[in-house]
Amino acid sequence: MSRIGVFICYCGSNIAGTVDVEAVAEMARTLPDVVHVETNKYTCSDPGQEGVRNAIISHEIDRVVVAACSPRMHEPTWRKLLADTPVNPYMLEVANIREQCSWVHKDREVATAKAMDLVKMAVAKVARLQPLHSTEIPVHKKALVIGGGIAGMQTALDIADAGFKVTIVERETSLGGKMVMLDKTFPTMDCSACICTPKMSEVGNHPNITVKSYSEVENVSGYIGNFEVTIREKAKYIDYNLCTGCGACETKCPQKVVNDFEQGMSERTAIYKMFPQAVPAKPVIDAAHCRKLAQGKCGVCAKVCPTGAINYEDEDKLTTETYGAVVFATGYKLIDWKPLYPEYGGGAYPDVITGLQFERLVNASGPTEGHILRPSDNSEPKDVVIIKCVGSRDPNKGKAYCSRACCMYSAKHAHQYLDKVPDGRCYVFYMDVRTPGKGYDEFYMNTLHDGAQYIRGRVSKIYQEGGKLICKGEDTLTSQQVTVEADMVVLETAMVPADGIDELAAKFTVGRDADSWLVEAHAKLRPVETNTAGIYLAGTCQGPKDIPDSVCQAGAAASKVIGLLNKDVLQSNPQISHVNEAICQGDGACVGICPYGAIQIVQKTFRENSRKVTRPVAQVNPGLCQGCGACTVTCRAGAMDLLGYTNESIMREVDALCQW
Amino acid sequence: MMKYAYFPGCSAETTGKSFTISTSYVADKIGVELVEIPDWNCCGTSAAALTSPELAVALPARSLAISERELPGLDVVAPCAGCYRSLKASLAYARESQENRDQIKRIINAPYEAKADVLTLLEVFESDDVREAITAKVQRKLRCLKVACYYGCAMVRPADVCECDNVEDPQQMDELMRLIGAEPVSWAFKTECCGAAQQMTVPVQAKPMIERIFQNAAANGADCIVTSCPLCMLNLDMREAEINAARVARGEEPFDIPCYYFTELIGLAMGAEPDEVGIGIHFHPAKTLLLQRELDALELEYAENEARAAEERKKAEMAAKIAAKKAEKAAKAAAAKSTDVAAEAEEVAR
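Protein chains in written order, with the working numbering: chain A, 17 to 676; chain B, 101 to 450.
It should be emphasised that the hints constitute simulated quantities derived from the structure, not laboratory data. Just so it is clear, CB atoms sit at the ideal spot from N, CA and C, and this is done for glycine as well. Any given hint could turn out to be false.
Straight-line C-alpha distance at most 16 Å; calculated EDC-like pairs for lysine to aspartate or glutamate [claimed, not checked]:
#  : chain 1 : residue 1 : chain 2 : residue 2
1  : B       : 241       : B       : 283
2  : A       : 413       : B       : 268
3  : A       : 354       : B       : 269
4  : A       : 484       : A       : 466
5  : A       : 250       : A       : 206
6  : A       : 477       : B       : 275
7  : A       : 477       : B       : 260
8  : A       : 488       : B       : 268
9  : A       : 413       : B       : 265
10 : A       : 354       : B       : 154
11 : A       : 413       : B       : 260
12 : B       : 241       : B       : 269
13 : A       : 354       : B       : 396
Some chain A residues flagged as far from chain B (calculated, every beta-carbon gap over 12 Å) [as the list claims (entries may be wrong)]:
#  : residue
14 : 358
15 : 359
16 : 362
17 : 392
18 : 440
19 : 481
20 : 499
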């Protein structure tokens with residue numbers, strides 16, 4: 017015989033304004049096993065909670081129904097309260113009579129009847145609940161950061177400074193990501209490399225940080241506190257213990273390859289460092305282009321290397337380690353605009369470049385040593401058109417979202433161009449100018465004062481005639497067609513997630529949105545966590561951001577990781593799936609549906625009808641299971657049960673609702 | 101023998117006469133039979149769409165329904181790009197749902213199941229069979245002729261109706277031109293609007309649309325423009341003189357860019373006289389360029405033959421030299437051998 021206490025909240029007038037709380041209480045008193053019913057103006061307040069605690073003691077209550085706001089709001093509060101009482105914290109049911117009742121109804125009578133139903137259901141369910149207990153999960157005090165751009169580096173530094181070991185996996189040959197390609201950063205016009213490269217060397221030299229460059233995550237298993245991660249370090253063909261980074265090999269290598277770091281605007285050698293300040297400051301051999309590796313002839317680098325560090329026999333190396341927490345900082349790339357915008361030439365015109373190419377052109381260490389020269393003939397462009405929102409805010413051709421940083425960096429590009437080419441003219445085609453941020457609008461205004469011509473409208477076509485790029489568009493403020501004869505066009509293209517994000521996120525069972533940005537656990541309240549416990553987000557892998565926001569989020573993710581790694585053990589969530597092995601068919605339907613990879617089929621031996629039988633059954637990994645319940649509805653045999661939401665308790669709720 | 105239902109459209113016997121003449125010339129040669137849809141009617145063009153959306157769908161649907169009944173199993177060819185767009189839009193609407201087909205049936209008072217496809221002439225010419233047939237029939241390649249292939253807007257847009265995957269830079273006509281030896285230039289106005297009927301209603305705004313098409317073709321080194329749409333052709337060919345007059349008045353160079361239907365050029369390559377395929381009835385003089393390029397092609401051919409002959413002579417000389425050297429070597433070796441033999445004999449004798 018259970019003893020149920022029902023606590024119904026007025027929530028000031030939030031509930032009581034629409035629901036007749038006293039009538040609900042009167043009804044609740046008639047329900048089976050209910051020994052105490054109490055109403056309160058604010059049950060969640062300190063005196064309210066005290067009242068609940070006293071009632072539990074004095075009425076010897078063993079299970080509790082709270083009819084109040086959404087369990088998303090205060091369920092943790094009630095659990096915490098029950099932990100101090102003889103009642104098990106999971107012998108609790110919250111009837112949501114605010115968000116799902118009083119707030120959405122106007123008719124008092126209807127709302128009161130609905131509140132009564134909700135309370136009836138909760139009472140029916142709570143009567144069937146079983147006490148649940150958390151278990152302890154050990155925490156490996158080491159973090160993995162995937163991606164060595166500014167967000168990854170900042171996260172790693174913050175975690176490492178707090179005294180924990182961190183490994184950064186970076187798939188390029190150097191740390192730095194996109195930021196190190198940029199020339200200057202808005203709105204302060206700091207030299208990007210000057211603020212990024214010190215961070216890179218700090219990361220490279222930090223005693224708590226291991227940098228695995230030219231490496232990718234191969235495989236993952238485990239769960240929060242215990243992620244077992246296999247990392248593939250691609251063959252570098254150079255022994256980093258011997259290499260001094262002298263660069264002799266790079267000067268002698270005869271093979272020229274298009275330089276991706278310079279956005280295709282110059283060449284590098286087949287043995288290369290991405291850029292002079294690379295960390296690690298040692299080269300790798302690009303196996304696809306190396307003459308020795310591809311054709312078996314050459315071997316110049318081995319001849320000139322003073323330390324004998326070149327090893328053409330090198331192979332990929334796999335290492336497996338256990339990490340307590342993982343941070344995604346995988347960043348972005350620019351959308352491939354060429355197939356999407358044939359009306360801009362689709363890549364046929366060399367002087368139609370992207371913003372990132374412009375960054376390299378204007379950069380003192382770029383292919384033109386900072387002189388703005390157009391790629392086709394190395395002449396200084398006197399008329400430059402900048403087009404914003406190429407691929408952004410264009411659901412027909414590109415992405416529906418705003419890429420957020422482009423308004424500012426296009427203003428920066430205009431400013432830089434007008435600064436370096438004083439007799440030049442700069443036209444910026446825009447849809448809107450969005451400059452929320454400290455010092456941002458002032459920066460934009462400054463660019464206007466520099467003389468940049470902002471034209472509100474999109475460019476419909478670019479074509480080449482007589483050495484000029486003719487840009488046709490519309491000025492929507494005057495409803496006039498506009499034609500600008502430009503020498504160079506800069507397309508400020510959309511940010512999209514980095515290559516391979518889908519596969520990587522699937523390995524960690526991290527959710528993605530329709531555009532493959534990684535999804536945070538809650539857009540407002542849990543912005544750096546993912547739905548998979550122990551995995552966090554930093555920077556643009558979550559969505560387009562500028563540098564300050566990326567660094568901010570990196571710090572936030574680091575603080576979450578530090579909080580986690582500071583614990584020796586974690587309390588597991590006991591509301592997870594449970595297999596009734598007696599009726600499990602072992603068909604694996606649950607394995608396929610589980611978004612967290614928490615279920616596997618194992619062979620188990622049972623004694624059935626006094627015979628030993630070995631058959632497959634499902635097994636739930638309690639560390640991975642997040643209690644979503646997908647398996648319970650998939651299981652045809654009904655063998656899967658979500659503890660705290662058992663099939664039986666839910667059927668009781670339905671029964672209670674159907675008793676008129 | 102390939103067989104199609106043929107929707108001539110209103111331009112076939114009027115403004116687009118040379119398109120019709122050249123199309124039937126080429127079709128005959130390559131064995132494509134075009135069977136005119138009996139009692140076809142106006143496709144509705146832009147006027148129907150402005151009047152009512154139902155009319156825009158129903159007018160073309162009537163002709164298509166007749167074709168379905170009288171010429172079952174035949175796809176419909178509409179050489180005029182405007183007709184094609186109207187018919188295709190109607191077809192797409194009918195294929196959307198049974199409800200739409202029922203609605204059409206009610207309006208035109210005849211069943212229409214939207215079975216047959218609607219094709220442009222370029223799509224018919226896209227098939228490997230037709231390409232092979234053209235290649236087989238080509239008598240003289242139109243070498244040295246630099247053509248700007250102009251598709252116009254109606255065959256590619258709306259992209260989802262026309263099922264076109266390259267609205268900015270379509271290639272079918274370019275490929276056909278290569279097949280007959282002409283050189284398609286790469287230019288930026290392939291699918292730009294010619295101004296269409298606006299040339300009559302708002303000529304002040306629409307005239308520059310034509311001018312910049314000529315401008316871009318000229319800037320990219322084209323000798324002529326090749327079209328597949330009677331309205332594009334009319335607008336370009338007929339108004340080139342007006343545009344040139346205006347340019348001369350402004351002190352600018354006039355254009356001399358004749359326009360052709362792609363079928364006219366294919367006909368020429370198959371050995372037709374210009375008048376046989378309608379080139380004689382263009383507004384802008386269109387024969388001189390062809391003669392000039394024919395001469396250029398002959399000259400080029402002559403030069404190529406000369407070069408080839410010279411190359412062969414050179415090769416023969418080299419071969420002769422090598423042979424002579426080889427013979428010399430062999431003779432020397434033989435002589436050496438014979439002296440050896442003699443010496444040996446002497447030794448033996450001794």
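Task: Restraint check for residue 413 of chain A with residue 265 of chain B, where alpha carbons must lie at most 16 Å apart - done: Measuring from Cα to Cα gives roughly 13 Å; hence the hint holds.
TODO: Mind checking the alpha carbons of residue 354 of chain A and residue 396 of chain B for me, to see if they're no more than 16 Å apart?
DONE: 38 Å, violated
- [ ] Compare the distance between the alpha carbons of residue 241 of chain B and residue 283 of chain B with 16 Å, and conclude whether the hinted pair is satisfied.
- [x] 11 Å, holds
- [ ] Measure nothing beyond the straight line between the CA atoms of residue 354 of chain A and residue 269 of chain B; if it is 16 Å or shorter, mark the hint as holding.
- [x] This hinted pair holds, its Cα atoms lying about 13 Å apart.
Task: Reported absence of residue 358 of chain A from the contact zone with chain B (all CB gaps over 12 Å) - done: 3 Å, violated
Open item on the list: Minimum C-beta separation from residue 499 of chain A to chain B exceeding 12 Å: can you confirm that?
Closed with: 9 Å, violated
Task: Distance restraint between residue 477 of chain A and residue 260 of chain B, which requires alpha-carbon spacing of 16 Å or less - done: 20 Å, violated
- [ ] Take a quick look at whether residue 413 of chain A and residue 268 of chain B sit within 16 Å of each other, Cα to Cα.
- [x] Distance of about 14 Å is within 16 Å: holds.
Task: Pairwise hint evaluation, residue 154 of chain B against residue 354 of chain A, where the allowed Cα distance is 16 Å at most - done: 39 Å, violated
TODO: Confirm or reject the statement that residue 392 of chain A sits farther than 12 Å, beta carbon to beta carbon, from all of chain B.
DONE: 16 Å, holds
Open item on the list: At 12 Å, judged by beta carbons, does residue 362 of chain A keep clear of chain B as stated?
Closed with: Nearest chain B Cβ is 7 Å from residue 362 of chain A, so the label is violated.
Task: Agreement of residue 484 of chain A and residue 466 of chain A with the hint, judged by alpha carbon distance not exceeding 16 Å - done: Violated, at roughly 24 Å.
Hints 4, 5, 6, 7, 10, 12, 13, 14, 15, 16, 19, 20, counting from the list given before, are not met by this structure.
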